[in-house]
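All chains, full assembly: derive it from the sequences and hints.
This is what each chain is made of:
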Amino acid sequence: MSDLDTSLRDLREGLRSTVTKPGLDKIADRARHRSVRRRMQIGAIVAVVLVSVAVPLLRSLPDPTPPATPPTPPTTRSVPYAVEFVDRTHAYALGRRCPGALDPCRFTLLATADTGRTWEKRSMPDGKYADGSLAVQSPSTVVFYTTTTSDENFIQAYISRDGGRKWARYDLAVPALGAPSSIPPDVPIQVICTNGGRSGCLTGLGTLGSDDRLHPVPVQPPVYEPWPGRYPTPSGVYWAVGRDQAGHWAVSVTDRKAAAWTTTPLDVPGAIEPPNAWSVVEGDGSLYLTAVGSIGGGTTKLLAVYRSKDRGRTWTQTRRAQDTGAQMSMYGTPVATSDGRLLVNSLPEGTLESRDGGATFTRAAHQLPGSPEWTPAGYVIQLLPTSYEVSWNGRDWRRFEVS
Amino acid sequence: MRLSEQTWFAELYDRCYERLVLAAYAMTNDLGAAEEITQEAFAIAYGRARRVSRVDSPEAWLRTVVVNLVRRRYRRRVLFDRILLRQQAEPPPVEEPPETHLDLHDAIRGLGEEHRQVVVLHYLADLPVDEVAAVLAVPVGTVKSRLARARAALAERLRTEVDHV
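Heads up: the sequence lines are chains P and V, in that order.
Each residue of the first sequence is one higher than the last, beginning at 1 in the numbering used here.
Each residue of the second sequence is one higher than the last, beginning at 1 in the numbering used here.
FYI, nobody ran anything at the bench for these hints, they're computed from the structure.
Hints may be right or wrong, so weigh each one.
Stated by the list, open to error - Facing chain V, from chain P, some residues (calculated, C-beta under 7 Å):
1. Leu4
2. Arg16
3. Val19
4. Thr20
5. Leu24
6. Ile27
7. Ala31
Unchecked claim - Only pairs whose alpha carbons sit at most 16 Å apart, straight line, appear in this in silico EDC-like list of lysine to aspartate or glutamate:
8. Lys21(P) - Glu40(V)
9. Lys26(P) - Glu36(V)
10. Lys26(P) - Asp14(V)
11. Lys21(P) - Asp14(V)
12. Lys26(P) - Glu40(V)
13. Lys21(P) - Glu36(V)
What the hints assert, rightly or not - If you want the ones that stay clear, here's a sample from chain P, every Cβ over 10 Å from chain V, calculated:
14. Thr115
15. Arg320
16. Glu389
Fair warning: this is a prediction, and the values are worked out from it, not measured in the lab.
We treat Cβ as the ideally placed atom computed from N, Cα and C, and that holds for glycine.
Below, the structure written as structure tokens:
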């Protein structure tokens with residue numbers, strides 16, 4: 001037996017020793033809970049049309065549900081919140097409380113108009129949910145995507161156009177497209193089926209209009225399966241990454257009119273797993289594009305850094321991961337500070353900074369408390385279930401609580 | 001469930017659980033998710049014990065359920081991710097084997113998805129080549145060639161002797 005076979009055998013035994021096997025009584029309990037959930041299913045299943053690239057196109061139906069009643073005041077301190085910013089001051093926070101692995105979750109919705117200084121409770125659609133996420137479509141339009149305890153394999157959607165006061169249920173179905181339009185302010189881009197998705201999906205970009213239709217952007221980026229940034233950079237650059245005609249990764253940029261795109265091929269080693277792989281941030285007159293993925297083992301390594309000094313018209317690669325040797329990890333989005341630095345949240349090193357556009361990194365004097373995410377309000381870091389920090393310029397951070 | 005069925009089910013559980021977890025791990029690359037999916041598969045089998053006890057290979061039946069659960073979960077996650085274009089804030093915790101195996105485990109995780117799956121299913125979940133082919137829905141020859149390339153890649157990474165499959 002070769003050394004490799006011996007090592008594989010030892011690894012197999014090692015992995016087996018780490019596997020946690022619960023007692024059979026736990027399996028029996030789980031089986032009983034499954035049985036109860038299935039009996040609770042009433043009426044037709046809301047079927048999700050899972051085309052090759054599923055898209056949440058929303059078409060309004062007569063609302064069969066009674067008006068949502070405000071939930072009883074939550075114990076907010078024990079409920080973790082996920083915050084979604086619409087613009088620099090408006091945000092929604094979705095709180096989730098799941099009493100047990102097999103019990104339905106309860107969700108709470110809060111809204112702020114002063115960047116988290118104060119919060120107002122809003123309502124949520126009634127129901128017993130196994131899972132759920134919030135997507136903010138405009139300052140007053142939010143969509144709650146969920147799976148119910150009666151069938152966790154199908155996703156349902158509820159939409160509110162008044163900031164979470166009234167909700168209507170939507171079927172996820174083949175979309176009705178609207179006319180192409182430029183990107184409205186404070187409205188995120190999303191991936192859509194530009195051909196309607198009835199027989200296969202031709203992926204492209206668009207936005208949800210107030211007419212409940214998805215409006216493609218006037219000109220689509222010339223890349224296959226584009227993965228866009230939902231919101232623009234501070235100076236208004238919209239971007240998307242996809243495969244070009246030659247099959248290479250490429251970044252396309254445009255402005256809010258989306259009438260023309262400038263596309264640049266990228267050289268990124270390793271294996272990319274969209275949609276979390278790409279980030280574009282902006283600071284001190286430069287755009288930075290980063291790609292994360294796997295290379296040479298391990299997880300979530302920083303594969304490449306590109307910089308543009310002309311709002312994405314041209315890009316220069318400043319860093320490329322090598323196939324061997326130690327790799328730098330990156331979690332969350334990078335931070336481009338107003339004084340020309342690029343910050344990366346890495347493990348186990350902590351926060352690293354570059355003063356040469358991403359070519360080299362050293363440990364930063366100010367350590368970020370967690371993984372940042374670029375939002376319309378700037379960079380946001382979640383510290384605790386209800387505690388966040390926000391910064392517009394990457395240098396000055398303010399803490400806010402969701403309560 | 002009758003006593004004889006309970007005994008049979010308990011034996012099936014003891015015999016197959018770890019292998020099925022590793023089979024799920026091949027597809028999820030997440031040991032925690034693999035455990036949860038495998039427990040769900042056994043819960044499904046528990047509710048249908050009489051029927052499962054009559055199939056030719058209850059373990060193969062369970063493995064099919066595991067594969068289907070993985071695919072459903074992946075579709076839902078892809079759907080959520082694509083809808084929300086969400087950035088992951090923190091990496092998921094990874095259960096590590098004992099330290100002596102970290103290099104090889106790291107090397108396996110660094111393989112491309114196709115090669116990683118065959119290595120984990122054949123060498124770690126201990127499935128024969130024809131069952132690996134059935135799980136992945138590819139020809140046996142494809143599995144063999146992927147295994148050969150994966151072994152070569154692992155050996156190169158670890159600088160060990162290569163035995164041809």
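Results of checking the hints against the structure:
no.: 1; hint: Leu4; verdict: holds (5 Å)
no.: 2; hint: Arg16; verdict: holds (5 Å)
no.: 3; hint: Val19; verdict: holds (5 Å)
no.: 4; hint: Thr20; verdict: holds (6 Å)
no.: 5; hint: Leu24; verdict: holds (6 Å)
no.: 6; hint: Ile27; verdict: holds (5 Å)
no.: 7; hint: Ala31; verdict: holds (4 Å)
no.: 8; hint: Lys21(P) - Glu40(V); verdict: holds (12 Å)
no.: 9; hint: Lys26(P) - Glu36(V); verdict: holds (12 Å)
no.: 10; hint: Lys26(P) - Asp14(V); verdict: holds (14 Å)
no.: 11; hint: Lys21(P) - Asp14(V); verdict: holds (9 Å)
no.: 12; hint: Lys26(P) - Glu40(V); verdict: holds (11 Å)
no.: 13; hint: Lys21(P) - Glu36(V); verdict: holds (10 Å)
no.: 14; hint: Thr115; verdict: holds (19 Å)
no.: 15; hint: Arg320; verdict: holds (17 Å)
no.: 16; hint: Glu389; verdict: holds (13 Å)
The earlier numbered hints are all upheld by this structure, with none contradicted.
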